[in-house]
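**Student:** Quick one: dock chain against chain with the hints and give me the complex.
Residue numbers (this note's numbering), protein chains in the order written: chain A, 1 to 73; chain B, 1 to 243.
Please note that the accuracy of each hint is not assured.
Derived DSSO-like pairs: lysine-lysine, alpha-carbon spacing no greater than 27 angstroms straight-line [as the list claims (entries may be wrong)]:
| id | chain 1 | residue 1 | chain 2 | residue 2 |
| --- | --- | --- | --- | --- |
| 1 | B | K5 | B | K95 |
| 2 | B | K71 | A | K11 |
| 3 | B | K70 | A | K22 |
| 4 | A | K21 | B | K71 |
Derived from the structure by calculation, the hints contain no laboratory data.
Since we're looking at a predicted model, the values are computed, not measured.
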Amino acid sequence: MITEAKRKAIKLFARGRDFYKKRDFQEALKYFSAAFKTDPTDEPSNVFIARCQEYIDNPPDEGWDGVYGMKSK
Amino acid sequence: MNKKKILIIDDEQINLDFFDVMLTRLGFVVLMAVDGEEGLEMIREHVPDLIILDNIMPRLTGWELTKMLKKDDAYSEYRDIPIIMFSAMDAVKDKIEGFELGIDDYIIKPFNFSEVLARIRAVLRNHELSRQVLLREKRLALTDSLNKSLIYFTEHLKTPVLGLVEASNALDTSDLKSVEKFKEQVMIEAEQTLAALGGLEDEVQKLQESDGSLRAAELSLGELEDRFREHFKELHENSGELK
Numbered sequence: 001m002i003t004e005a006k007r008k009a010i011k012l013f014a015r016g017r018d019f020y021k022k023r024d025f026q027e028a029l030k031y032f033s034a035a036f037k038t039d040p041t042d043e044p045s046n047v048f049i050a051r052c053q054e055y056i057d058n059p060p061d062e063g064w065d066g067v068y069g070m071k072s073k
Numbered sequence: 001m002n003k004k005k006i007l008i009i010d011d012e013q014i015n016l017d018f019f020d021v022m023l024t025r026l027g028f029v030v031l032m033a034v035d036g037e038e039g040l041e042m043i044r045e046h047v048p049d050l051i052i053l054d055n056i057m058p059r060l061t062g063w064e065l066t067k068m069l070k071k072d073d074a075y076s077e078y079r080d081i082p083i084i085m086f087s088a089m090d091a092v093k094d095k096i097e098g099f100e101l102g103i104d105d106y107i108i109k110p111f112n113f114s115e116v117l118a119r120i121r122a123v124l125r126n127h128e129l130s131r132q133v134l135l136r137e138k139r140l141a142l143t144d145s146l147n148k149s150l151i152y153f154t155e156h157l158k159t160p161v162l163g164l165v166e167a168s169n170a171l172d173t174s175d176l177k178s179v180e181k182f183k184e185q186v187m188i189e190a191e192q193t194l195a196a197l198g199g200l201e202d203e204v205q206k207l208q209e210s211d212g213s214l215r216a217a218e219l220s221l222g223e224l225e226d227r228f229r230e231h232f233k234e235l236h237e238n239s240g241e242l243k
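Pulled out of the complex, with its shape left as it was, chain B reads as follows (with noise of 0.2 angstroms):
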């Protein structure tokens, strides 16, 4: 399993070290940003699992920062990624407006680390729900496409089969000419069938192949848990307050 990415972008070095130790112990890859200019370019480089923004910083604030992913096409790739916001203001207007820009989770600093791990752990455990609920869809989707396609199959091949069925039926084997003209019609029909059968094999390849990456990327909700679990076992031994 690939170690969750957590960016933090934070002015203040001394936050950064406190993260970078303890996630760090928690199994989580840490990067770190002293400003949002610099953020913007880990997130490119690196496109991390979740964003830790300080709002009040130098040059591009959390908030500009939190804009451009979210509403800039240019960084259309990075707008799912969830985002926690630190702020010093406990103001109910700041946090409204963030959460209207599409943050995930907001916390006023001094902050416990305990409280700030549980947060994290559960925007990462929301954001993956999220996902798997997505490729469910996906699979729900291809599956209702194939039964769409064996629909289309069954009808379209019912009337040939009925009409070789009547036209044999109705065939005077003595008469050679009518017989020659049977062996064209089976031959026709059984041309088409097989280019239809043709086509329906390869949509069920394509969706087989497709519904077998989808379940590769699928957990069970057990597992998410446990995913989970592994990263905050530690959790009580490392609690610790930071300002």
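In isolation and in its complexed conformation, chain A is listed as follows (with noise of 0.2 angstroms):
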């Protein structure tokens, strides 16, 4: 069912996730890549290193609560 390198993947992941919810997007950024690495089949990884690099270019509000706002659309 879940593959080993997925388990990893996803506990790194949620590594990330602490930092990202910290706005430390570097540092999220550093075990999202980590966890695509181990599990590249992973796609909420994939999606979390595109948002980390946006935020580190375009920082999120002051009062950022951790949720992805859509600009587009």
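**Tutor:** So this is what it looks like as structure tokens:
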């Protein structure tokens, strides 16, 4: 069911989420990238890599609550 | 206000489509997954406010997924997301097991959509109420900590000030040496008191900041009811049956 690689990726991903919620996108990016490297089929890691990169360039507002706001649409 | 995100995990596409149409119309953001594994990925990607889960599914069953979310440390971030489980089996044992695992509600198929909506509403409201209780507890703890600091400060301020009063009463102003000594004592006490006051000020400021953000997240019970009523005002127009 859940492969060993996936399990490792999910743990790395969870560490990344901790940093992400504290707005430390640089550190979060390291963990999401490591997770995606461990399991290249792990789409959530891929999604959060992109979100980190976007937030490093354009930091979210002060009141950001960790929820990704869709800009387009 | 952010729209509530509801994730539906069901291997029957017709159920997904039905929920998608109905719940979107009621103002929810609807996320969908056709099996447990895809469901887990959606949970990690979107962190939904509620999960509606079919019990019997290929790959990862509803039970297995619930167990992982509630017990596995790698998923601890998602442990508090409320879960409503669907099942075609009306077995008491299954229901009890489900509730023991930590699900919030259990619905037997075939179901009536109005009933499902009413249950979604109840689960979301209960969850919001628990969150509000936690917020208020945090605020109480903050106030408590400030009170303790104030008591500590007043207790420790009294002795040095009384000491200064005593020294000042006993002071012989014609004796330059004792005046110098007294001045030194005043300086030392003043410095210490100012340092303590500075610390207290910092604490008050920190408390006010976190208190502000806690208050901002707080809702009155009336607001809470309005919030849920808004989602369900179309309930009667949209009621229907689903297998």
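**Student:** Need the list of violated hint numbers for this structure, in ascending order.
**Tutor:** none
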